[in-house]
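**Q** The residues making up each chain are set out below.
There are 2 protein chains.
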Amino acid sequence: MTIVKKLSFDANCEEKEKYTLQNGDDYYDQSHSVDVEGKYTKPNEAHWLLRRIYILSWIRNYDRERAFADLIAGITLGLTIIPQSIAYAALAGLSSEYGLYSAFIGSIIYVFFGTIPQVSIGPTSLMAILTLQFCADKPVQVVIVLAFLAGLVELAMGVFQLGFIVSFIPGPVTKAFTSGTAVIVVFAQIKNLLGVRMKGFTSIGEFFSSIKPSDAAMGISCLCVLLSLRLLSQVKFKQDTSLTRRLKKVLWYISISRNALVVFFTGLLVFIWVKKSSMEAVPFALSSKVSSAMPSIKLPPFAFEYQNRTYVFTDILHELGSGIIVVPIVAVLANVAIAKAFVKDGNLDASQEMLTLGLCNIAGSFFSAMPTCGAFTRSAVSQASGVRTPMAGIYTGLIVLSALSILTPYFQYIPKASLSAVLIAAVIFMIDVAPVRELWQTNKKDFFSWVGSFIICLVAGVELGLLFGIVLSMVFILLRLGNPKIEVSLKKHESLTYVHVVPLSDIYYTGVDTLRGELRGACSLYRNDFPVVLDCTRFMQFDATFTEMLTAVSKEMAENDVLLILQNMSLKVQEMLPVNGNLRFCQEDSQLISHLQQEKESAAPQLEAKL
Amino acid sequence: MTIVKKLSFDANCEEKEKYTLQNGDDYYDQSHSVDVEGKYTKPNEAHWLLRRIYILSWIRNYDRERAFADLIAGITLGLTIIPQSIAYAALAGLSSEYGLYSAFIGSIIYVFFGTIPQVSIGPTSLMAILTLQFCADKPVQVVIVLAFLAGLVELAMGVFQLGFIVSFIPGPVTKAFTSGTAVIVVFAQIKNLLGVRMKGFTSIGEFFSSIKPSDAAMGISCLCVLLSLRLLSQVKFKQDTSLTRRLKKVLWYISISRNALVVFFTGLLVFIWVKKSSMEAVPFALSSKVSSAMPSIKLPPFAFEYQNRTYVFTDILHELGSGIIVVPIVAVLANVAIAKAFVKDGNLDASQEMLTLGLCNIAGSFFSAMPTCGAFTRSAVSQASGVRTPMAGIYTGLIVLSALSILTPYFQYIPKASLSAVLIAAVIFMIDVAPVRELWQTNKKDFFSWVGSFIICLVAGVELGLLFGIVLSMVFILLRLGNPKIEVSLKKHESLTYVHVVPLSDIYYTGVDTLRGELRGACSLYRNDFPVVLDCTRFMQFDATFTEMLTAVSKEMAENDVLLILQNMSLKVQEMLPVNGNLRFCQEDSQLISHLQQEKESAAPQLEAKL
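Keeping their order, the protein sequence lines are chains V and H. Using the UniProt record's numbering, the first residue of the first sequence is number 1, and each one after it goes up by one. Using the UniProt record's numbering, the first residue of the second sequence is number 1, and each one after it goes up by one.
Mixed in with the good hints, there may be bad ones.
PhoX-like mimics (lysine-lysine), calculated; alpha carbons at most 25 Å apart, straight line [what the hints assert, rightly or not]:
id, chain 1, residue 1, chain 2, residue 2
1, V, Lys275, V, Lys289
2, V, Lys572, H, Lys485
3, H, Lys572, V, Lys445
4, H, Lys212, V, Lys485
5, H, Lys485, H, Lys445
6, H, Lys249, H, Lys344
7, H, Lys444, V, Lys444
8, H, Lys445, V, Lys572
9, H, Lys555, V, Lys344
10, V, Lys191, V, Lys289
11, H, Lys344, V, Lys555
12, H, Lys276, H, Lys249
13, V, Lys555, V, Lys491
14, V, Lys600, V, Lys491
15, H, Lys444, V, Lys572
It should be emphasised that the hints constitute simulated quantities derived from the structure, not laboratory data. Just so it is clear, the structure is predicted and the values come from calculations on it, not from any experiment.
Let the sequences and hints guide you as you build the complete structure.
**A** So this is what it looks like as structure tokens:
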């Protein structure tokens with residue numbers, strides 16, 4: 001293949017014409033525009049702002065089957081998010097309604113802007129801990145303003161398309177983060193599953209002796225029921241009749257409803273128990289009581305009075321300090337990592353996710369919500385409940401709303417052990433240590449990224465584990481950038497001999513020192529006798545570091561009477577370099593040859609005089 | 001130029017033979033070995049260990065001229081380092097002899113291993129502050145062990161050739177660091193120059209009113225003398241006779257001795273003043289008194305008793321904590337930055353400098369020294385005194401030794417104002433804000449690196465300014481790595497049409513997402529009708545992130561019946577990818593063509609059926 005022609009779309013495009021004629025349809029997708037050279041440009045569909053309302057892209061294809069799957073997943077998620085919101089609000093030092101407001105707004109807003117069905121925005125342990133860290137012993141209004149400001153920063157990150165940071169999370173790190181988080185959830189929930197109340201243990205014996213038999217029986221049986229029901233969807237029938245097909249569908253619905261069913265029936269059991277005897281007679285640990293208070297819309301409290309002190313906006317900023325930056329960054333990082341773990345085939349628009357998270361938090365601050373982000377556990381439960389689109393959030397939001405109004409008294413009957421069983425059953429299949437062996441065999445760097453991230457997730461927190469993985473992978477890249485491969489060889493063209501210096505990888509400023517060394521080495525090796533040709537095509541930055549080096553090297557070479565020819569250097573950079581009798585520029589190989597020939601002719605008399 | 005032949009050294013090497021014949025000498029430098037393909041390999045001179053003793057590479061060419069220049073510079077440096085050592089020891093909370101021991105050992109060891117004449121290892125303000133931070137209120141033995149451990153870490157960094165980190169300091173950042181440090185030195189010394197004693201000022205008026213006229217007169221006149229003497233070396237004579245040449249040499253010697261002369265004569269003035277009247281009558285602030293105590297060699301105190309408590313090695317480690325890592329890293333960073341600022345034409349062996357710094361600190365700990373590194377001020381003074389080789393350190397060391405023994409009583413007569421004048425005159429010409437305008441015109445990124453580093457040097461400390469510049473430049477690179485350029489075009493070869501996807505810059509894992517997007521976009525643009533050829537030559541890491549993406553994309557393409565051909569992929573990676581009917585590999589273009597032809601033939605019947 002000697003000549004490869006770029007297909008022009010105006011002429012010479014037989015392939016296209018043939019197709020257009022035969023099926024009467026224009027060959028090329030109209031949503032893309034193609035420039036004259038046949039390079040395609042990005043699709044130019046709706047207005048940028050309209051495309052941000054992501055629901056418009058999928059709502060037209062929304063059908064009954066999806067709606068039913070989303071309904072089941074949404075209800076299940078509602079039953080999970082309510083006790084979680086109460087717990088995480090308490091962890092942040094707030095009363096339960098703030099958690100529920102956050103869950104409501106997060107779920108509803110995500111429906112319209114979110115891209116990943118499994119993601120559920122609401123209170124999380126990570127956000128609760130950060131809120132506590134930055135707002136401990138401060139009035140609740142400060143927390144609400146934090147949600148607003150964090151939302152603004154997240155929105156800005158989305159608007160400025162910072163979603164590319166998702167490219168900086170390598171595959172093995174996402175996997176390690178997923179497995180690490182799942183392990184943490186299992187360990188955190190195992191105490192509720194077994195009814196253990198104590199906080200610290202000095203021995204394993206002490207742990208086992210503090211297990212409460214009634215809770216443990218409830219928890220373990222729920223877990224067994226969930227794991228068995230999970231298998232229902234995989235049941236295979238020998239015959240394929242309309243009956244078996246219908247039966248299969250029923251089994252599938254039971255299977256994906258398993259989480260909601262377990263929560264509902266264990267709650268019902270407790271409800272009957274209470275009605276028959278009394279609240280005290282129930283032998284299970286139950287969920288916290290929900291306080292009934294509908295969310296109302298009002299401006300975030302940018303100025304307020306608290307304990308005879310007036311807080312203006314600058315006071316609040318001062319109280320929050322670095323939290324205004326740290327909270328959104330951690331939220332975005334966790335959210336993006338979760339999204340990457342659940343997204344299909346890596347098709348993730350992280351900027352849109354940032355924008356959505358920002359909107360959730362800003363809107364939340366108008367409903368007195370705490371800072372929110374996506375939660376790994378809820379995504380796992382959604383996944384296990386067969387979620388199909390972000391529409392599930394509507395049902396979750398409605399369940400949360402009903403918990404704050406008509407259903408308020410009933411949520412306290414849900415046993416903690418059955419909720420823990422739901423979480424454990426959802427995340428346990430995400431623990432995957434199989435990659436470790438494979439990574440060890442294929443790529444040691446990936447192996448160390450996985451192991452390091454996993455261990456740090458477990459011992460120091462998931463956000464630090466994630467950060468470690470990202471930083472380690474970057475260090476590996478930077479090490480390569482600091483030592484680029486450069487080929488130095490002596491080449492001949494007819495009677496012309498020259499030293500050819502060709503970088504084999506991209507040169508950034510980090511590679512300039514290596515290149516300087518190679519150029520010097522080449523000169524000293526060939527005793528300054530041949531012109532040196534430096535191929536500049538792989539230079540990515542023509543910056544001061546580069547021009548400084550080139551100025552110094554060309555000066556040295558001029559002192560030794562060596563011609564330096566820079567090939568494929570842009571005109572702009574040529575002007576930045578000092579004028580020097582021994583420096584030439586060329587683009588084409590023919591130009592190179594003529595420079596070399598000139599040099600040879602002018603050098604010949606000198607050489608003869610020398611010898 | 002169609003064929004470029006690599007010169008083989010066994011045959012066909014006319015050029016070489018001709019030269020060998022004509023001057024009877026072998027053409028190629030024997031210190032380099034050249035492999036058969038004409039690529040050169042690194043020079044293979046002395047044993048690696050022997051080459052570490054850097055003095056061996058220059059001592060043979062050491063002549064009288066260099067010796068005289070080094071003598072002047074060494075004496076000047078000695079007069080500067082003694083009061084500095086006392087001051088920095090006090091800053092670290094130690095008595096003066098510890099500073100002088102450090103100066104002595106640092107100067108002597110550097111002679112044998114150091115590569116940059118201007119660098120002077122000894123106490124510095126940076127090291128003093130860090131020592132204070134990690135060893136405040138702890139016995140002095142802990143400081144000495146810190147010097148030992150920091151030295152070990154620095155030595156290890158040198159041995160493991162971590163010198164490449166110097167490539168990560170861009171040119172503009174080195175310049176900003178230099179100017180920033182010089183500005184800090186000027187501001188720090190201006191108080192001593194003017195005899196101001198107060199520590200904090202509320203207004204400029206208060207500063208001016210606290211100036212001591214006698215000190216100010218001394219300082220400013222010293223400064224004027226220094227600046228005038230500096231110009232002496234540039235004096236030009238109309239005639240070029242042996243007399244004018246001799247005169248020129250004398251003027252040059254006076255010029256480079258100016259710092260030593262100013263310190264000596266102002267000291268002499270004070271000495272005579274004291275002899276004529278009394279110590280109290282002298283109207284100038286004088287240097288601190290040196291306590292006479294010769295250094296003695298002994299093991300670093302790895303275990304000792306202090307205030308009835310026994311410290312073993314682990315106790316010391318515990319006391320030092322993160323200092324064991326932080327101190328050497330800061331020392332190496334500062335040292336490398338200073339070395340880079342003073343080195344000629346960027347010819348810096350940073351690993352050797354790290355190794356030398358490590359040896360200085362380890363040896364120092366055997367002489368009860370505090371942690372040391374290179375000082376910017378001393379390098380500037382050395383430079384201004386015309387230093388030629390590291391040999392100057394011998395004279396500096398001897399001066400320090402004499403200050404600790406026979407000359408002890410005389411050093412207290414040196415006025416502080418004249419020392420400040422020396423430092424200011426040495427660094428003031430290193431303040432260079434000219435690059436700013438040039439950088440703004442040529443490269444905005446360089447401009448922001450310079451301005452950011454400079455400002456942070458001034459407000460937050462030189463080490464943070466340096467770090468900021470390094471990190472910022474890396475972020476610029478990482479942004480590019482996250483968004484590599486990829487060309488997608490439709491190409492034709494005879495009757496074969498295919499989509500050609502060619503990355504135009506190196507692809508690391510950070511570019512995998514962009515590539516995935518381009519591959520997907522290409523498929524959707526051309527409606528899955530043409531085979532896609534992906535050129536893999538610029539893939540730098542075939543890791544899990546890459547194989548995951550390729551697996552997902554090839555699966556998608558297989559579903560749409562699109563052939564994916566990977567060109568120039570190594571065999572090892574081919575095995576890592578899943579077997580897939582729609583995935584092909586090829587190296588040569590001819591192989592590519594045959595794959596495309598096969599595809600076209602097998603697709604033809606299907607296509608006809610479809611139409």
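**Q** All hints, please: hold or fail.
**A** Now for the hints, and whether the structure bears them out:
no.	hint	result
1	V/Lys275 <-> V/Lys289	17 Å, holds
2	V/Lys572 <-> H/Lys485	20 Å, holds
3	H/Lys572 <-> V/Lys445	16 Å, holds
4	H/Lys212 <-> V/Lys485	61 Å, violated
5	H/Lys485 <-> H/Lys445	19 Å, holds
6	H/Lys249 <-> H/Lys344	24 Å, holds
7	H/Lys444 <-> V/Lys444	38 Å, violated
8	H/Lys445 <-> V/Lys572	16 Å, holds
9	H/Lys555 <-> V/Lys344	12 Å, holds
10	V/Lys191 <-> V/Lys289	20 Å, holds
11	H/Lys344 <-> V/Lys555	12 Å, holds
12	H/Lys276 <-> H/Lys249	37 Å, violated
13	V/Lys555 <-> V/Lys491	23 Å, holds
14	V/Lys600 <-> V/Lys491	15 Å, holds
15	H/Lys444 <-> V/Lys572	14 Å, holds
Checked against the numbered hints given earlier, this structure breaks hints 4, 7, 12; the rest are met.
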